[in-house]
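K.L.:
Please model the complete structure; the sequences and the hints are all you need to start from.
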Amino acid sequence: MKLVTAIIKPFRLDDVRNALSEVGVQGMTVIEVKGFGRQRGHTELYRGAEYVVDFLPKAKVEIAVADDRVEAVVEAIIESARTGKVGDGKIFVTDLCEVHRIRTGEVGESAL
Amino acid sequence: MFLVLSPAAFAAEGLDTGDTAWMMTSTALVLFMTLPGLALFYSGLVGNRNVLSVMMQCFAIACGASLIWVIAGYSLTFGEGQLFGGLTGGMGKGLLAGVGVDSTSGSIPESVFVMFQMTFAIITPALIVGGFAERIRFSSMLLFSMLWLLVVYVPVAHWVWGGGWLAARGFMDFAGGAVVHINAGVGALVAALIIGNRKGFPTTQMAPHNLPFTVAGAGMLWVGWFGFNGGSALAANGAAGMAILVTHLGAAAGSLAWMSCEWLRFGKPSVLGIVTGMVAGLGTITPASGFVGPGGAIIIGLSAGVVCFFATLLIKQKFKIDDSLDVFPVHGVGGCLGILLTAIFVSKSYGGMGLPEGVSIGHQLGVQALGAVATVAWCGISTFVLLKLVNMIVALRVSADEETEGLDLVLHEERGYDI
Numbered sequence: 001m002k003l004v005t006a007i008i009k010p011f012r013l014d015d016v017r018n019a020l021s022e023v024g025v026q027g028m029t030v031i032e033v034k035g036f037g038r039q040r041g042h043t044e045l046y047r048g049a050e051y052v053v054d055f056l057p058k059a060k061v062e063i064a065v066a067d068d069r070v071e072a073v074v075e076a077i078i079e080s081a082r083t084g085k086v087g088d089g090k091i092f093v094t095d096l097c098e099v100h101r102i103r104t105g106e107v108g109e110s111a112l
Numbered sequence: 001m002f003l004v005l006s007p008a009a010f011a012a013e014g015l016d017t018g019d020t021a022w023m024m025t026s027t028a029l030v031l032f033m034t035l036p037g038l039a040l041f042y043s044g045l046v047g048n049r050n051v052l053s054v055m056m057q058c059f060a061i062a063c064g065a066s067l068i069w070v071i072a073g074y075s076l077t078f079g080e081g082q083l084f085g086g087l088t089g090g091m092g093k094g095l096l097a098g099v100g101v102d103s104t105s106g107s108i109p110e111s112v113f114v115m116f117q118m119t120f121a122i123i124t125p126a127l128i129v130g131g132f133a134e135r136i137r138f139s140s141m142l143l144f145s146m147l148w149l150l151v152v153y154v155p156v157a158h159w160v161w162g163g164g165w166l167a168a169r170g171f172m173d174f175a176g177g178a179v180v181h182i183n184a185g186v187g188a189l190v191a192a193l194i195i196g197n198r199k200g201f202p203t204t205q206m207a208p209h210n211l212p213f214t215v216a217g218a219g220m221l222w223v224g225w226f227g228f229n230g231g232s233a234l235a236a237n238g239a240a241g242m243a244i245l246v247t248h249l250g251a252a253a254g255s256l257a258w259m260s261c262e263w264l265r266f267g268k269p270s271v272l273g274i275v276t277g278m279v280a281g282l283g284t285i286t287p288a289s290g291f292v293g294p295g296g297a298i299i300i301g302l303s304a305g306v307v308c309f310f311a312t313l314l315i316k317q318k319f320k321i322d323d324s325l326d327v328f329p330v331h332g333v334g335g336c337l338g339i340l341l342t343a344i345f346v347s348k349s350y351g352g353m354g355l356p357e358g359v360s361i362g363h364q365l366g367v368q369a370l371g372a373v374a375t376v377a378w379c380g381i382s383t384f385v386l387l388k389l390v391n392m393i394v395a396l397r398v399s400a401d402e403e404t405e406g407l408d409l410v411l412h413e414e415r416g417y418d419i
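Heads up: the sequence lines are chains A and B, in that order. Under our numbering, the first sequence is numbered contiguously, ending at residue 112. Under our numbering, the second sequence is numbered contiguously, ending at residue 419.
None of these hints come from the bench; they were simulated from the model. Glycine included, C-beta positions come from ideal geometry on N, C-alpha and C. One thing to keep in mind: the hints can contain errors.
[As the list claims (entries may be wrong)] Straight-line distance between alpha carbons at most 30 Å, and here's what the computed DSSO-like set of lysine-lysine pairs gives:
hint: 1; chain 1: B; residue 1: K268; chain 2: A; residue 2: K9
hint: 2; chain 1: B; residue 1: K316; chain 2: B; residue 2: K268
hint: 3; chain 1: A; residue 1: K34; chain 2: B; residue 2: K268
[Claimed, not checked] Some chain B residues flagged as far from chain A (calculated, every beta-carbon gap over 10 Å):
hint: 4; residue: S66
hint: 5; residue: G94
hint: 6; residue: G170
hint: 7; residue: V215
hint: 8; residue: S270
hint: 9; residue: L313
hint: 10; residue: F384
P.N.:
This is the structure:
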């Protein structure tokens, strides 16, 4: 099992969610985060006091996936999250050791 | 307010229900400016960990000032006789002695006059909160504010409105350019200098956390100001109507002027800029509101937007004084500007109500300048002394660690937002 973590532009969230549904993903967790890579920040100005804001709002989507479906999931995210402009984000795929369904106590792939 | 002597006033009896109804409404409008107008305006400008502390300060000052006003403030400002060598009125109406259900003040019940004036005594110390936001200790703030009300606000109000020496010289301050705005502005500046800058100022980011609050509060201030200036006519008449009109134009012109300055200087107009320009325009028109015409008001408003804009940059960027919410450049400078411009635009040749018989613009300008300087001097020195005094009893400022954690948690054990 793998944990697919995608950091994307927030306004792409709905598109990503829909694309994931289409490849059969039934659940995900979304967190609002801040970050930057190569994308530049912006400045804000309040009564003459200028603030440089490095961190940009992003959305982090986490999906627990069976090994045989990782490629489809990653492709779905890339297709739906891409705008072609700097700051589109990244996807990290990490090993998932255990998964438990809290309600039933199921463990492993049947808990995904 | 400028007390117009007329035969009706000498006739003494005869409540005017129209005047009374308007003054009751004005009282509510002006209290609304503080609660929640100013509370929202100010709290939106600070960090989210200090949002409650600012609201608490506004609320507590409102409550404390109310009591002090009826115990001593009203009498010392408006009472007959003189105390402290003419600094204040007498204590004949201390604890509102003699003020009953049937007591009158002009054409309105005296209770209404007491309340209306109380709302001014509430908002003036509340404005100072902007000078020491995010680092003041609640206990010392409360002690200082109550003392400041008695030592600074009351005397100046007496000099200008209570038949004191400035009134005797023909000083014109219709609704509080000196009594409220210069006082609050200078008080905040001195407080910012004595208490010191916020930790990390000016290099650390200290952006407003909730500008929607600030804009909502600004709207309440604009509307409430109709009571502030319109109510200072103490009657429901043409003078009040014109005061409201010129007040409104001052706000509109000030807003556009600041917005334009910002647009030209920084490339974008901002909502914080437009509402700050609004406050500058309103503060500057305040002393002139009963004396000038619409044309004069527009010029006054435009001047306020421009002058206060540059004053703010000067204080923040050049002098690097952490008057956190810009009370001095907006209210202090605006108040002085308005006090001086009153002398010009009151003249009939500039569309005003007209100077008194035999008084030239030049002479009136001199009187206005005298009043402004006297207010600045009295307020500046007294505020300094009071701060030093209070600091000996309880430290003015929280510790550096407390300041970092935020006043809401440290002083009030509360959190503003749970999202």
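K.L.:
Classify the label on F384(B) as holds or violated, using whether its beta-carbon is more than 10 Å from each beta-carbon of chain A.
P.N.:
For F384(B), whose nearest Cβ neighbour in chain A is about 26 Å away, the distance exceeds 10 Å, so it holds.
K.L.:
Please verify that the nearest CB of chain A lies beyond 10 Å from V215(B)'s CB.
P.N.:
V215(B) clear of chain A: closest Cβ-Cβ about 13 Å, beyond 10 Å.
K.L.:
Could you let me know if the closest chain A CB is still more than 10 Å away from the CB of G94(B)?
P.N.:
42 Å, holds
K.L.:
Compute the least Cβ-Cβ separation between G170(B) and chain A, then decide whether it is above 10 Å.
P.N.:
Holds, because the least Cβ-Cβ distance between G170(B) and chain A comes to about 37 Å, which exceeds 10 Å.
K.L.:
Checking a non-interface call: every C-beta of chain A should be farther than 10 Å from the C-beta of L313(B). Is that right?
P.N.:
Answer for L313(B): violated, closest chain A Cβ roughly 5 Å.
K.L.:
Does K268(B) sit within 30 Å of K316(B), going by the straight-line distance between their CA atoms?
P.N.:
19 Å, holds
K.L.:
With the threshold set at 30 Å, check whether the alpha-carbon distance from K34(A) to K268(B) stays at or below it.
P.N.:
25 Å, holds
K.L.:
Say whether it holds or is violated: S66(B) keeps its Cβ farther than 10 Å from all Cβ of chain A.
P.N.:
32 Å, holds
K.L.:
For a C-alpha distance cap of 30 Å, please report whether K268(B) and K9(A) respect it.
P.N.:
25 Å, holds
K.L.:
Verify this label for me: S270(B) is non-interface relative to chain A, using a Cβ-Cβ cutoff of 10 Å.
P.N.:
7 Å, violated
Checked against the numbered hints above, the structure violates hints 8 and 9; every other hint is satisfied.
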